Amino acid sequence: MNPTTETAWLLVGTNLLLFLALAPLFDGIVRRVAARVQNRQGPPLWQPLYDLLKLLGKENIDAVGILPFRLAPLVALASILCVVMILPVAGRATALTPYADTLTLIYLLTLGGVAVLVGAFSGKNIFALIGASREMTTMIMVEPILFMILLLGVIKTGSLELTTVLYGTPAGDYGWSGLIMIVIALFALQAFVGRQPFDIAEAEQELLGGPFIEYSGPNYALFKYYMMIKQMFYAYLPIAVFVPLLHSGLLVVDLILQLLLTALVFLVIGLLAATHPRYRIDQALNYFAGLFVLALGAVAGALFG
Amino acid sequence: MWLTSKIKQILMVMKPGIVTLDYPRQPAPAPATFRGQPVWDHHKCLGCGGCANHCPARCILTRDVCQELRVMLYDGSRCTYCGRCADVCPEEAITMSNNFQTACDDKNDITTRLELFMLTCQRCGRCYEMEKTNVIDRMELRGFRYDNLESRALIRQTTDTFSPETLAATEQYQRPSR
Amino acid sequence: MRKELEAQLAAQLRDEVVCVEKTDQRTIFIDVKREAIRRAARIVTEAGGRYMCGVGYDNIARDGTLGMVHTFSMDRNDHFICVRTKVPAIDPVMESITPDLPSAGWSEREFMDMLGMQFTNHPKPKRLVLADDWPAGIYPLRKEVPYDLVPPGADDVAYQLDEAPPGTKIVPIGPFHPSLHEPEHFAVYVDGETIKGCDYRGFMTHRGIEKLCQTQVSYNEVPFIAERICGICGSVHATAFSQAVESAGGIKIPRRAEYIRTLMLEIERIHSHLLWLGVAGHLIGFDTVFMQAWRVREQLMWLCERLTGNRKTYGMVLIGGVRRDITPEIADDIRAVVKKIEEELRVIHRAIEKDSSIHKRTKGVGTITKEETIAWGLIGPVARARGVDIDARRDHPYAAYNDMKFDVPVLTDCDVWSTLVVRVLETYEAIRIIHQVLDKMPAGPIFVELKDKIPALRHAITTVEAPRGESTHYVITGEDNRPDRWRVRAPTYTNLQAVPLMLLNEQFGDFPIIMGSIDPCFSCTDRVAVIDLQSGKASSMTRRELEFLSREQLHRA
Ligand code: SF4
Ligand code: SF4
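Chains as they are written, first to last, in the working numbering: chain A, -5 to 299; chain B, 222 to 399; chain C, 41 to 597.
Think of the hints as simulated: they come from the structure by calculation, not from any bench. Just so we're clear, the structure is a prediction, and the values are computed from it rather than from any experiment. Hints may contain errors.
[What the hints assert, rightly or not] In the EDC-like style, the derived pairs of lysine to aspartate or glutamate whose C-alpha atoms are separated by at most 20 Å in a straight line are:
#1 K400(C) x E0(A)
#2 K118(A) x D231(C)
#3 K400(C) x D56(A)
#4 K118(A) x E222(C)
#5 K352(C) x E313(B)
[What the hints assert, rightly or not] If we take Cβ atoms under 10 Å as the criterion, some of the chain A residues that face chain C in the derived model are:
#6 Y44
#7 I124
#8 W170
#9 G172
#10 L202
[Claimed, not checked] Now the stretches of chain B that chain C is said to cover, found in silico as 3 or more residues with beta-carbon under 8 Å:
#11 225 to 232
#12 294 to 303
#13 366 to 372
Quick reminder that beta carbons are idealized off the backbone N, C-alpha and C, glycines included.
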């Protein structure tokens, strides 16, 4: 697979556009699912986009007045956009993919998380602080699970290269370790996307939005956008890793199939979110620890099995 | 346990379908017995002031501008739709309508003002005594009344005969403030 | 009962008891000298009395004294005991009973604020009700203070929070916070995620209802105002007030009216419990339970619209009876609706009763022992979930409850989950009662005409079991066709005092649901004070200043 540079750059653009456009839509799907579960009409599918536009049109209140506070949303959004740009599209490397590998991906994802923390800590708001410390704990527990999922791919394919790791696994056999990993990915899904029962950091009822409490207007819109795209990435990831490509040879068909599957994942996210209470941080930690041990086992299995 | 509960929850939500209304495109009608905004029939009202005496929110004001003219002002912005005024009105001049969508940007839009020509009661100038209800209802506010319509305040001051001085004095009335 | 108590009092207090009188079947008034108040309270408690509330009143115009009544309920033999004392207005000092009875703490603090009484040995003699900038020396419930007095505000005073335990941070919950629904301020001291303590500064929704009704309106307007004390248990307050006046004035209302009152109270209970179930779901972040419970509740609101003319604030109760009759058609309507509600609630109940994810958030959370519950005098579902078997409907039957057969669910798990179960079970019982009311309702008038004036200066106390616990109303009748003193003690007033205890050593994430488990109603609790204190301060402040100020507050924490 060695596309010409031109198409490769085109792929970068496509991916970027797709994520930017579809992330709010998928968020809309989650809201709609929740509404249906609650017997409500629910908002229009594009409501998250309208929200973003509205926020962007508002005055930017610099509540803290120090640079990190202002930069944090930009860094967060930029980092997640970088992730999107290096991401292969439906099994095909983009122009930027060769410059990165699996570790870069993890770095960039962590950078986004750190930006959220920086924003929260610079606010010195007690709710933001509690939210940030929760976010941090969650990150420390959840990122390794992501790492394990990718590591499994690395072990199975014997390469660090992104396209191979992301899309190579299903081509090789799953093995029982792969199957376990699918289950783990499913159980960690809500934590990855930060929704019930694991929206602990934002916990509206206790923390009023936690890390984002001091943000408003365009800055907040950036964070929201960041969250939506991150969510879409995490929903997209298991599809890429665990579902075999159609390999129809036609990029468009493959891509559409993948997006449809992602939409399906969002349906699941919506359903899970609407049928669970929020867990407490200590309960969530126990849960993650269990998942982590399992994931470790699966990786070990892949190594020695 | 967890799984069966989740299945039960999904089943629970499947049955009713969508229950919310696409308001305001799909308005919700109020039943016939609804107590909405009170409306006055100025043909029936005889200006007894009973409704003003019994309104718990004190949002019906009575002012005698001169011997012959009584103004009744209903300040809808403070009304609680309790329907007490309609209960006590001896002439059934007040009906509780079905209207509950009274949000507006000018409170004059939900204000009713009646100007009534009065004859004078031989006994007490103006007169009001509840016939229908009992002794705990009785409120001694007979005669000429001078509520301040400008600041929409009830002024507990009545005279047996019309008094231009009191009228002028209550015109100066100001609500307490800092 | 009276004889025994009298004998005991006489034996232990001798001539410090002024007199013991029994005004009706239920109520015993004991007048003691002020030196004996604490001992008298202790004797009554030992005899089985459960503290309800304190009532202070201004009697200066008559004999230059301020009165204080401590009221107790004997739940086992249907008595109310009111220990009454008076202190001269120039030297309004008496002994505090709070060291013996912690639930008296707020009642006493309230009258320090409102009447200028002083209680020696009170453990926390801080301001409770009045605003921080209310000038010292003006006691709003005294008769000489006009109801519409607006003293000048001050900027430089602030409530001093309790000392935070070492190593903790203060998290300000409120005055505006999504889990509170009403403006109240909790300062929660957290160590990491664990709550180590909590101070409460509430009473921010002062509306001056008591003062208003003592000075401005007449008897039959009060039920409508009482109904607006609370957006949820409105009928409870209207009924309690009307019953108190009826009891003071010796008015006997038609049996049919009592049945209709019972019906309204039970409809209100269903409504409130469904509402609470939804809110509880919301507070643990489970919005589907919230929406489902409210979907079921909605039918009831529509029913009430047809039945009373409004979704809430039914406006059914007047002194002397009720306003609207129950026609056979509407009776069938009620039967159909409550039957449907019962079915749908059972579906919800089955769907959540074994859900381990809900158990995770509610079981073993907010536990206090039965002994603590009794010591703090907790009431309603909060107490019944902790093994304390009290229910005013059964213990002090009013309206038509003596004709009804119903169970009082009592659980012993002492946590949030059992308060949830108690409330759901009570809803089924309420539906049972509604069917009985409709079946047994006698024919007849619904309102009684009154010929004589209500004599002045009669004391009366009633309780009505609101969905959240008993609401106690104390009325002293007055001369100008209005009460001379009307004291409302809503259930949250009692239950809220024990919330710091429930919060202790729990996780911060559980704050909303523990708070929510008592079904707090702050507007009921706050009803008293004097005036709607619109602070001119906020509007004249620029936004930047406001931002700055609010951030200052947070940073200080
Ligand atoms: S409905 Fe009630 S509040 Fe409104 S005007 Fe009539 S008596 Fe007053
Ligand atoms: S009670 Fe009826 S008749 Fe009397 S003033 Fe009011 S509306 Fe008119």
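Okay, the hints, checked on the actual structure:
1. Pair hint K400(C) plus E0(A) does not hold up; C-alpha atoms about 54 Å apart against a cutoff of 20 Å.
2. A hinted pair counts as satisfied when its Cα atoms are at most 20 Å apart, and K118(A) with D231(C) qualifies at roughly 17 Å.
3. A C-alpha spacing of about 39 Å is found between K400(C) and D56(A), which places the hinted pair above 20 Å, so the restraint is violated.
4. About 26 Å separates the Cα atoms of K118(A) and E222(C), which puts this hinted pair outside 20 Å; it is violated.
5. Only pairs whose Cα atoms come within 20 Å are accepted, and K352(C) paired with E313(B) is rejected, the gap being roughly 25 Å.
6. Taking 10 Å as the C-beta cut-off, the interface hint given for Y44(A) is violated, the closest approach to chain C being about 21 Å.
7. With 10 Å as the threshold, the beta carbon of I124(A) comes within range of chain C, its nearest partner Cβ sitting at about 7 Å, so the hint holds.
8. With a cut of 10 Å, the hint placing W170(A) at the interface with chain C is violated, because the nearest CB-to-CB distance is about 27 Å.
9. Interface hint status for G172(A): violated, as the beta-carbon distance to the closest one in chain C is roughly 28 Å, over 10 Å.
10. Here the hint on L202(A) is kept, as its CB sits about 6 Å from the closest CB of chain C, short of 10 Å.
11. Counting residues of the stretch 225 to 232 of chain B whose C-beta sits closer than 8 Å to any C-beta of chain C gives 6, which meets the bar of three, so the coverage hint holds.
12. Note: the stretch 294 to 303 of chain B has 3 residues with beta-carbon separation from chain C under 8 Å; the three-residue rule is met and the coverage holds.
13. With 0 residues bearing a CB less than 8 Å from a CB of chain C, the stretch 366 to 372 of chain B misses the requirement of three and the coverage assertion fails.
The structure does not agree with the numbered hints 1, 3, 4, 5, 6, 8, 9, 13 stated previously, though it agrees with the rest.
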